[in-house]
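Protein chains: 2
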Amino acid sequence: MRIEVICTGDEVLTGKIVNTNFSYITQKLEDVGLSVRWETTVGDDREDLLLAFRLAGERADAVIVNGGLGPTVDDLSQEIAAKAAGVELVLSEEWLSKMQEYFARRSRVMPPNNTKQAMLPAGAEVLDNPIGTACGFAVDIGKARFFFTPGVPRELRRMLEEQIIPRLLKKSGMQAAIFLKRFHSYGIGESHADALLAGVAELVPDGTVKLGFRAHYPQLETKLTVRGRDMDDVRRKLAPVEQEVRKRLGNFILAEDDHTLEGVVLEALKSISATLTVVEMFTSGQIAARSAHLPGAERVFRRGIVARDLGEACGAVGIDPGSFPEGVTRETAEAVARAARRYTGSTHALAVLIEIDEGADRLEFGGTICIAIATAENVVSRRSRVVGGHDWVRLGATEMGLDCLRRYLKGLPVHERIDFEKIEDPVTRDR
Amino acid sequence: MRIEVICTGDEVLTGKIVNTNFSYITQKLEDVGLSVRWETTVGDDREDLLLAFRLAGERADAVIVNGGLGPTVDDLSQEIAAKAAGVELVLSEEWLSKMQEYFARRSRVMPPNNTKQAMLPAGAEVLDNPIGTACGFAVDIGKARFFFTPGVPRELRRMLEEQIIPRLLKKSGMQAAIFLKRFHSYGIGESHADALLAGVAELVPDGTVKLGFRAHYPQLETKLTVRGRDMDDVRRKLAPVEQEVRKRLGNFILAEDDHTLEGVVLEALKSISATLTVVEMFTSGQIAARSAHLPGAERVFRRGIVARDLGEACGAVGIDPGSFPEGVTRETAEAVARAARRYTGSTHALAVLIEIDEGADRLEFGGTICIAIATAENVVSRRSRVVGGHDWVRLGATEMGLDCLRRYLKGLPVHERIDFEKIEDPVTRDR
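Going down the list, the sequences are from chains A and B. Residues in the first sequence are numbered consecutively from 3, following the working numbering. Residues in the second sequence are numbered consecutively from 3, following the working numbering.
Careful, some of the hints might be misleading.
Covered stretches of chain B (in silico footprint by chain A; criterion: 3 or more residues with CB under 8 Å from a CB of chain A, positions within the stretch not fixed) [as the list claims (entries may be wrong)]: (1) 15-29; (2) 38-45; (3) 152-158; (4) 297-310.
Here are the computed lysine-lysine pairs in the DSS-like style, where the Cα-Cα straight-line distance is at most 27 Å [as the list claims (entries may be wrong)]: (5) A/Lys212 - B/Lys183; (6) A/Lys18 - B/Lys172; (7) B/Lys118 - A/Lys18; (8) B/Lys18 - A/Lys30; (9) A/Lys172 - A/Lys145; (10) B/Lys249 - A/Lys18; (11) A/Lys272 - A/Lys30; (12) A/Lys18 - B/Lys183; (13) B/Lys18 - A/Lys173; (14) A/Lys249 - B/Lys18; (15) A/Lys225 - B/Lys18; (16) B/Lys272 - B/Lys183; (17) A/Lys18 - B/Lys225; (18) B/Lys212 - A/Lys18; (19) A/Lys18 - B/Lys30; (20) B/Lys18 - A/Lys183; (21) A/Lys18 - B/Lys272; (22) A/Lys172 - B/Lys18; (23) B/Lys18 - B/Lys118; (24) B/Lys30 - B/Lys145.
Everything labelled a hint here was simulated from the structure, so no lab data went into it. Each residue gets a CB set at the ideal place from its N, CA and C atoms; glycine is no exception.
All chains should be built: construct the whole structure from the sequences, respecting the hints.
This is the structure:
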């Protein structure tokens with residue numbers, strides 16, 4: 003089945019907004035085993051819209067159109083859809099009363115120009131939008147079934163998932179039950195993960211399990227798409243594969259599905275009624291900014307300290323910087339973490355100290371990262387060297403700091419070699 | 003002149019990466035007074051690429067193609083360009099020797115498969131890529147001039163600005179000198195700014211000055227595009243308009259052109275050899291994360307403190323939280339800022355205290371923000387109420403904190419009403 007997407011609107015065409023709706027649509031379809039073959043973006047222009055609809059209607063079996071369903075004069079999707087389908091626009095009494103209810107529930111009177119949103123091509127099938135006034139609809143143009151969706155991202159998302167994907171799956175004759183399992187990892191590059199997971203999808207021989215990746219440094223997302231007769235069938239197929247993925251990626255999996263690294267760390271701390279202090283240098287507040295605002299963090303996150311200078315970091319936790327003539331080392335990080343915990347009275351402290359290279363930002367620019375975690379019982383630490391420019395080092399150190407804390411809280415080894423670090427000569431490493 | 007863009011590659015078509023190259027291209031063209039009329043995205047597929055090239059070649063005068071110039075088998079742009087143009091692929095000795103030099107300068111031997119990157123359609127014009135091995139080129143297909151560009155963003159950017167835009171301007175017959183002047187502001191919404199600036203572009207009556215906006219909350223970018231015979235002509239036209247924009251937007255302009263709010267604040271502190279301490283609550287490190295990592299910040303940024311709890315924030319700067327039974331008020335913020343300065347020995351201290359609403363995140367979710375700045379000489383403060391959900395409040399407070407500091411350092415009033423705050427009743431406001 004050939005699927006195309008048409009994105010409409012001057013804001014997207016002129017680059018005032020980045021077209022994240024398209025990447026959302028196409029990814030969501032990939033996740034259920036469907037593929038977009040062609041995408042077209044046109045502005046709020048009658049002639050171009052008509053041409054885009056006609057061309058897609060000649061080529062495709064299904065077309066998703068995004069945007070142009072609003073109440074203003076530059077919203078043209080219904081009008082041009084009717085023209086391309088060769089039918090009239092007619093008032094949908096069904097949608098009009100839905101809109102009136104929508105406004106009534108919010109104690110507002112519906113402005114007259116909203117009526118335009120209930121004008122649909124004759125014979126169109128309504129696609130419900132439970133959270134907005136833009137009416138989704140489906141209509142045939144050429145040889146394709148066209149699905150019209152709103153430009154507001156949350157309305158699009160809901161309509162795509164609840165209304166359109168089930169229709170596309172039915173049309174494609176694909177099995178109805180589909181499930182996407184996701185694993186988030188840190189420390190393994192995409193090609194390395196691909197090699198580690200060779201053959202896992204083939205544990206289910208009928209080809210209904212598909213393995214995929216999405217890299218967004220520093221994290222990697224590993225995706226398993228599973229198709230089956232029903233959810234029981236899907237679960238039965240998924241079980242051995244997901245178990246194998248967990249085994250092979252092991253300690254590197256930091257969270258699954260909708261969970262995040264910072265969320266997992268926070269949950270682990272909460273579950274033991276722990277409190278946390280974080281000391282940062284070149285990550286300059288990014289570790290705190292990732293975690294301290296989350297719901298529930300107000301009871302866990304005790305204090306964050308940012309200092310660009312080791313002396314200042316020591317001063318902030320009440321120790322003498324003169325005791326560390328060697329600068330940023332594992333021992334220094336351990337002493338800072340220990341002192342931070344004592345100083346603020348938290349149960350846990352994380353210190354992420356970084357000595358960055360001298361000079362201007364460049365691809366070879368690097369930093370030496372020393373991370374320590376202290377509790378009343380013990381202190382653990384690791385050292386790493388990362389290169390790749392200012393932002394790369396900073397992002398990498400933020401992730402590594404949080405991931406070390408996750409590993410510690412889960413009883414895993416804090417130091418495990420990752421793909422993004424540079425191997426140092428033994429003399430330097432042992433410093 | 004009708005311009006189209008064709009984006010190629012499975013990674014973009016499947017949504018593995020968001021298509022920021024397109025928004026970059028189209029915005030850059032808008033900035034020089036050109037417009038993209040139509041955009042097409044296709045995968046690494048011979049049939050679809052050929053069709054996309056042919057269709058665009060029938061409709062457009064100029065087409066920019068992005069991606070597919072790499073050395074691997076799925077990079078098909080040159081091959082399909084030659085086919086669509088009806089010519090052979092020939093080896094460009096010019097580009098081959100450039101690539102060999104490129105590798106030699108990096109002390110590496112050119113891998114044989116890179117030779118493919120020097121195969122161009124016969125008669126193609128080379129578009130230089132000084133920072134990569136992908137060779138840009140221009141060739142006629144149908145009635146359009148096609149410009150082929152690399153997918154690597156920094157290579158695309160350089161080629162677009164240095165090679166393609168001058169050619170497009172020449173082809174369009176537009177005046178050669180073009181300049182984009184940008185103002186960044188915080189606190190004024192787009193429609194408000196539009197009203198404030200009514201008529202400024204008309205100060206130059208020949209229509210060669212164009213006013214535009216780009217909103218990215220919390221900041222607004224105001225853009226003036228000026229066309230002229232030469233740069234002297236452009237400067238002469240721009241002078242009265244930019245002066246008027248500065249006058250009308252006044253204190254709300256936080257930076258111009260490539261400068262940023264955090265950069266301006268850092269420069270102002272540096273110029274008086276000042277040092278800074280920042281105390282944050284719900285912004286949870288975002289103010290530090292915006293500023294403390296910048297080059298030069300290591301001498302200015304003394305210490306950042308994050309605490310979700312007012313008591314903890316007070317404790318971190320050595321004052322007794324029991325003195326503030328009213329919680330987060332202007333007076334509390336002033337006391338915390340004063341204490342932070344004394345405690346860390348910095349010349350300046352910024353305290354951004356926030357009391358957030360109870361309950362789950364929602365659109366009406368808000369926060370009361372109290373900001374204070376202390377020096378040895380004095381202390382200033384402001385209070386504000388912002389609603390719009392968790393992230394909105396956090397982003398707004400981060401910006402407001404940095405902007406108050408900018409205003410203070412520039413001798414401007416720290417408290418000026420902004421469009422994004424909710425007016426409170428006088429009793430609450432005076433608390």
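Hint-by-hint comparison with the structure:
Three residues within the 8 Å Cβ limit are the bar, and the segment 15-29 of chain B against chain A gives 14, so the coverage statement holds. Counting residues of the segment 38-45 of chain B whose beta-carbon sits less than 8 Å from any beta-carbon of chain A gives 8, enough to reach three: the coverage restraint holds. Coverage of the segment 152-158 of chain B by chain A is violated [criterion: at least 3 residues with CB-CB distance below 8 Å; count 0]. With 11 residues having a Cβ less than 8 Å from any Cβ of chain A, the segment 297-310 of chain B passes the three-residue criterion, so the hint holds.
Taken as a hint, the A/Lys212 and B/Lys183 pair is broken in the structure, with Cα atoms around 50 Å apart against an allowance of 27 Å. The straight-line distance between the Cα atoms of A/Lys18 and B/Lys172 is roughly 25 Å, inside the 27 Å bound, and the hint therefore holds. A hinted pair counts as satisfied when its Cα atoms are at most 27 Å apart, and B/Lys118 with A/Lys18 does not qualify at roughly 36 Å. The suggested pairing of B/Lys18 with A/Lys30 holds, with an alpha-carbon distance near 11 Å, which does not exceed 27 Å.
Using a Cα cut-off of 27 Å, the hinted pair A/Lys172 and A/Lys145 holds, with the two alpha carbons roughly 17 Å apart. Straight-line distance between C-alpha atoms of B/Lys249 and A/Lys18 comes to about 26 Å, which keeps the hinted pair within the 27 Å bound. A threshold of 27 Å between alpha carbons decides the hint, and for A/Lys272 with A/Lys30 the separation of about 33 Å lies outside it, so the pair is violated. Only pairs whose Cα atoms come within 27 Å are accepted, and A/Lys18 paired with B/Lys183 is accepted, the gap being roughly 17 Å.
Simply put, B/Lys18 and A/Lys173 have alpha-carbon atoms about 25 Å apart, close enough for the 27 Å limit, and the pair holds. Between A/Lys249 and B/Lys18, the direct Cα distance comes to roughly 26 Å. Compliance with the 27 Å bound is thereby established for this hinted pair. Straight-line distance between C-alpha atoms of A/Lys225 and B/Lys18 comes to about 12 Å, which keeps the hinted pair within the 27 Å bound. Using a Cα cut-off of 27 Å, the hinted pair B/Lys272 and B/Lys183 holds, with the two alpha carbons roughly 26 Å apart.
A distance of roughly 12 Å separates the Cα atoms of A/Lys18 and B/Lys225; the hinted pair therefore holds under the 27 Å criterion. A C-alpha spacing of about 16 Å is found between B/Lys212 and A/Lys18, which places the hinted pair at or below 27 Å, so the restraint holds. Proximity of A/Lys18 to B/Lys30 is assessed by CA-CA distance (about 11 Å); at most 27 Å being required, the pair is judged to hold. Of the pairs offered as hints, the one joining B/Lys18 and A/Lys183 holds, with about 16 Å between alpha carbons and a cut-off of 27 Å not exceeded.
This hinted pair does not check out: A/Lys18 and B/Lys272 have alpha carbons roughly 34 Å apart, beyond 27 Å. At roughly 25 Å between alpha-carbon atoms, A/Lys172 and B/Lys18 fall within 27 Å of each other, so this suggested pair holds. A hinted pair counts as satisfied when its Cα atoms are at most 27 Å apart, and B/Lys18 with B/Lys118 qualifies at roughly 26 Å. Straight-line distance between C-alpha atoms of B/Lys30 and B/Lys145 comes to about 24 Å, which keeps the hinted pair within the 27 Å bound.
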